[in-house]
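There are 4 protein chains.
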Amino acid sequence: MKYLRLFLYTLSILVLTSMQIQKPFKVILFGDSITQAGVRPGGYITLMQESHANYEMIGAGIGGNKVYDLYLRMEEDVLNKKPDVVVIYVGVNDVWHKQTSQTGTDPDKFISFYSAMIRKMQSAGIKVIVCTPAVIGERTDFSNSQDGELNSYSKIIRNLAKQYNCTLVDLRKEFLAYNLANNPENKESGILTTDRVHLNPAGNKLVADLVMKTLKSVEN
Amino acid sequence: MKYLRLFLYTLSILVLTSMQIQKPFKVILFGDSITQAGVRPGGYITLMQESHANYEMIGAGIGGNKVYDLYLRMEEDVLNKKPDVVVIYVGVNDVWHKQTSQTGTDPDKFISFYSAMIRKMQSAGIKVIVCTPAVIGERTDFSNSQDGELNSYSKIIRNLAKQYNCTLVDLRKEFLAYNLANNPENKESGILTTDRVHLNPAGNKLVADLVMKTLKSVEN
Amino acid sequence: MKYLRLFLYTLSILVLTSMQIQKPFKVILFGDSITQAGVRPGGYITLMQESHANYEMIGAGIGGNKVYDLYLRMEEDVLNKKPDVVVIYVGVNDVWHKQTSQTGTDPDKFISFYSAMIRKMQSAGIKVIVCTPAVIGERTDFSNSQDGELNSYSKIIRNLAKQYNCTLVDLRKEFLAYNLANNPENKESGILTTDRVHLNPAGNKLVADLVMKTLKSVEN
Amino acid sequence: MKYLRLFLYTLSILVLTSMQIQKPFKVILFGDSITQAGVRPGGYITLMQESHANYEMIGAGIGGNKVYDLYLRMEEDVLNKKPDVVVIYVGVNDVWHKQTSQTGTDPDKFISFYSAMIRKMQSAGIKVIVCTPAVIGERTDFSNSQDGELNSYSKIIRNLAKQYNCTLVDLRKEFLAYNLANNPENKESGILTTDRVHLNPAGNKLVADLVMKTLKSVEN
Numbered sequence: 145m146k147y148l149r150l151f152l153y154t155l156s157i158l159v160l161t162s163m164q165i166q167k168p169f170k171v172i173l174f175g176d177s178i179t180q181a182g183v184r185p186g187g188y189i190t191l192m193q194e195s196h197a198n199y200e201m202i203g204a205g206i207g208g209n210k211v212y213d214l215y216l217r218m219e220e221d222v223l224n225k226k227p228d229v230v231v232i233y234v235g236v237n238d239v240w241h242k243q244t245s246q247t248g249t250d251p252d253k254f255i256s257f258y259s260a261m262i263r264k265m266q267s268a269g270i271k272v273i274v275c276t277p278a279v280i281g282e283r284t285d286f287s288n289s290q291d292g293e294l295n296s297y298s299k300i301i302r303n304l305a306k307q308y309n310c311t312l313v314d315l316r317k318e319f320l321a322y323n324l325a326n327n328p329e330n331k332e333s334g335i336l337t338t339d340r341v342h343l344n345p346a347g348n349k350l351v352a353d354l355v356m357k358t359l360k361s362v363e364n
Numbered sequence: 145m146k147y148l149r150l151f152l153y154t155l156s157i158l159v160l161t162s163m164q165i166q167k168p169f170k171v172i173l174f175g176d177s178i179t180q181a182g183v184r185p186g187g188y189i190t191l192m193q194e195s196h197a198n199y200e201m202i203g204a205g206i207g208g209n210k211v212y213d214l215y216l217r218m219e220e221d222v223l224n225k226k227p228d229v230v231v232i233y234v235g236v237n238d239v240w241h242k243q244t245s246q247t248g249t250d251p252d253k254f255i256s257f258y259s260a261m262i263r264k265m266q267s268a269g270i271k272v273i274v275c276t277p278a279v280i281g282e283r284t285d286f287s288n289s290q291d292g293e294l295n296s297y298s299k300i301i302r303n304l305a306k307q308y309n310c311t312l313v314d315l316r317k318e319f320l321a322y323n324l325a326n327n328p329e330n331k332e333s334g335i336l337t338t339d340r341v342h343l344n345p346a347g348n349k350l351v352a353d354l355v356m357k358t359l360k361s362v363e364n
Numbered sequence: 145m146k147y148l149r150l151f152l153y154t155l156s157i158l159v160l161t162s163m164q165i166q167k168p169f170k171v172i173l174f175g176d177s178i179t180q181a182g183v184r185p186g187g188y189i190t191l192m193q194e195s196h197a198n199y200e201m202i203g204a205g206i207g208g209n210k211v212y213d214l215y216l217r218m219e220e221d222v223l224n225k226k227p228d229v230v231v232i233y234v235g236v237n238d239v240w241h242k243q244t245s246q247t248g249t250d251p252d253k254f255i256s257f258y259s260a261m262i263r264k265m266q267s268a269g270i271k272v273i274v275c276t277p278a279v280i281g282e283r284t285d286f287s288n289s290q291d292g293e294l295n296s297y298s299k300i301i302r303n304l305a306k307q308y309n310c311t312l313v314d315l316r317k318e319f320l321a322y323n324l325a326n327n328p329e330n331k332e333s334g335i336l337t338t339d340r341v342h343l344n345p346a347g348n349k350l351v352a353d354l355v356m357k358t359l360k361s362v363e364n
Numbered sequence: 145m146k147y148l149r150l151f152l153y154t155l156s157i158l159v160l161t162s163m164q165i166q167k168p169f170k171v172i173l174f175g176d177s178i179t180q181a182g183v184r185p186g187g188y189i190t191l192m193q194e195s196h197a198n199y200e201m202i203g204a205g206i207g208g209n210k211v212y213d214l215y216l217r218m219e220e221d222v223l224n225k226k227p228d229v230v231v232i233y234v235g236v237n238d239v240w241h242k243q244t245s246q247t248g249t250d251p252d253k254f255i256s257f258y259s260a261m262i263r264k265m266q267s268a269g270i271k272v273i274v275c276t277p278a279v280i281g282e283r284t285d286f287s288n289s290q291d292g293e294l295n296s297y298s299k300i301i302r303n304l305a306k307q308y309n310c311t312l313v314d315l316r317k318e319f320l321a322y323n324l325a326n327n328p329e330n331k332e333s334g335i336l337t338t339d340r341v342h343l344n345p346a347g348n349k350l351v352a353d354l355v356m357k358t359l360k361s362v363e364n
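Chains as they are written, first to last, in our numbering: chain B, 145 to 364; chain W, 145 to 364; chain A, 145 to 364; chain Z, 145 to 364.
Just so you know, the hints here were simulated from the structure itself, not pulled from any lab data.
Since we're looking at a predicted model, the values are computed, not measured.
Keep in mind that a hint or two might mislead.
Identical chains share a label here; the pair holds if one copy fits it or two copies do between them.
[As the list claims (entries may be wrong)] DSBU-like, lysine-lysine: derived pairs with alpha carbons at most 35 Å apart:
| hint | residue 1 | residue 2 |
| --- | --- | --- |
| 1 | 331 | 264 |
| 2 | 226 | 271 |
| 3 | 360 | 349 |
Isolated chain B (complex conformation) (with noise of 0.2 Å):
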């Protein structure tokens, strides 16, 4: 009976201890429609959820944020939910909105809220990986009209990459060497978006592949 029950207390410490180390890596994805999509049926974080049942992937994405945005928002939609790591995709409507309503980012202020997000999460012992905006427009030829723009902001945010020390997904190199493969007719859109801006399919697959694959290399 003593045996019993010595086997049944280490049989438990074993099985809370697995418990223990099956306890989902937390991941925020952190950004705006584009992630909002994200968690639909075949967005990027949902294709990332269901091949992956060791990650609690949680998508905090909203229609037309930008870093700012993000910064208001961080305390209760990221600090408070404790992750292990926040994946900040973001920059697009601080570029597109200066074209659409006036109302974009100016550079010095986009890298002081960038800064000050990664700082806060930093010190929360969150692990920060940080996005460049991919498009606003696929054509090939350096003539999609933000291009500058969008090209300007991706190097903000590879340089902030380095100064803080978080791990970079290029979104915007990976998506220019995509469509130099793919798009052969500088189509304005339809190879890895629907409208210029947000992921058809390709391109859900493309984001959720190369975060994939960033979560891991972080994660050791």
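Chain B is fixed; fit chains W, A and Z onto it per the hints.
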């Protein structure tokens, strides 16, 4: 001897109490370049300070700031300094930068950041006074190019004042009234501003008078 | 016999004269999408034509046109058709497109093209009637975002009317007056427009009435 | 005596013929502030004139001009002067003013005015040379904010050149090549421009060389 002690003790209590009474009323003026210039000789903050020694007037204005920039530095520049009152004077750049650099602030974002700021300050026990953005151009015939926007953002601030029970300094209304009385030639600038936006001596005097009057009303 | 001849001669003179009287007065309505829609059933041009058979009303409106677009097609669409009167109704897109696509028209260029157009038409013996741009948004509290710009461009047109002795249809003034009387809830649209800019039935009726009244005054 | 007459006759024919041969080839340089500055000492037009006395180089550049401004003054500044060749150098402001004053030119309007201009000039027997807009910012990593737009409008001009059989001076391509070779530090300005847009001595030299080479090719 015993009575002398008691007398001295009582006296010192009285002195300390009166000192406490005279501890200055701490006011932070929180805003953009207009407020940054307010601490210069002749500036609106300087004018208020010079005539009211029982107040401690702290200028916290930074050129180019919009509502979200104030939010970003609120903790350091306001909350940590534990003022009795904060006067928020922001909105000009939120409108103006739409035209100058396509980086203005959308109305819904303006409301979100402004509200968040008021709530955090009020939670910290600080009285909040809000100002409407005065002018971008002083013409009185409603032909300044951003009059419509300024009127719209001023309405937002008036509504926030009601919603959060903040005292309002309606600079936009007062500047228009002053110009209707003093700008018969419908000039763009030179009446209350040097350059359509920043205050000249008459402008600094008007703002100082209006803010001071409001400060006295909230103090009691 | 002699009397019969005289009678027939007199009769034919009368007939010829009356024919000349009935040669329709040719009017070209020259403008943007508002005028393009004016020739539809219920449109302002259709309304005028239906009630005035002695006028030949020709709609020459093209969507998205600004003052320089009118200038480009003036020879083909106006001068070559030898109208008695041209009603120029332009300016909304010159202002609006600043916000929607950063492709508005600078005030000095607006004046250059408008003046050149008036001069060429008047040199061709055409009477020119000019209209101020009515509204972009119908709110009556001066908070439509481009009210300042519309007021400014309307002033330009009023000045051009004086300078070149053109008759003015001050739609901007009349629309505001109508809205002050009929828009107590300060709505953005639905009073004279369907969408802040394009005319609903009441708007078409108002423009038809105002333009028709002016046409009658210049005809004599 | 008879021989003297014949001799004098022959001589005068020769003189007249040679005069005719030496009648300068008339070139109008038609553009914006870059061309306006081209007639100053060291400017690209001055450089071409100084080294080629057999050409009459006429600068017709006005600061701030866009394609429609050229169209407005084409009759007076070009057609009436009956040049042999016109070099059109426009497009920078059509793009740039989108950012600086929300008054750029839509691509479809750019095409309409440019085509109309080419057609009228060619109908008047004038040879038309067209230039792509060189740069707004000299960075070579495609991060100048309006690179996308400039590339897009340059494509439009290349297509118009083909369509109307005009000779092309592809300044955009040549400036990029020069910067790739001479701007290793990825500077914004100072290589071919003083201020991201207007030509410094090296820029004037490069434009003079490229335009001159093209002029020689069309002359024959």
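Between residue 331 and residue 264, at a C-alpha cutoff of 35 Å, which is it: within one copy, between copies, both, or neither? For residue 331 and residue 264, the Cα distance is within 35 Å only across copies (33 Å; inside one copy 40 Å).
Cα distance capped at 35 Å. Does residue 226 pair with residue 271 within a copy, between copies, both, or neither? Both. Shortest intra-copy (11 Å) and inter-copy (33 Å) distances satisfy the 35 Å Cα cut-off.
Within, between, both or neither: residue 360, residue 349 at alpha-carbon 35 Å: within (16 Å within a copy, 55 Å between copies)
When held up to the earlier numbered hints, the structure conflicts with none and fits them all.
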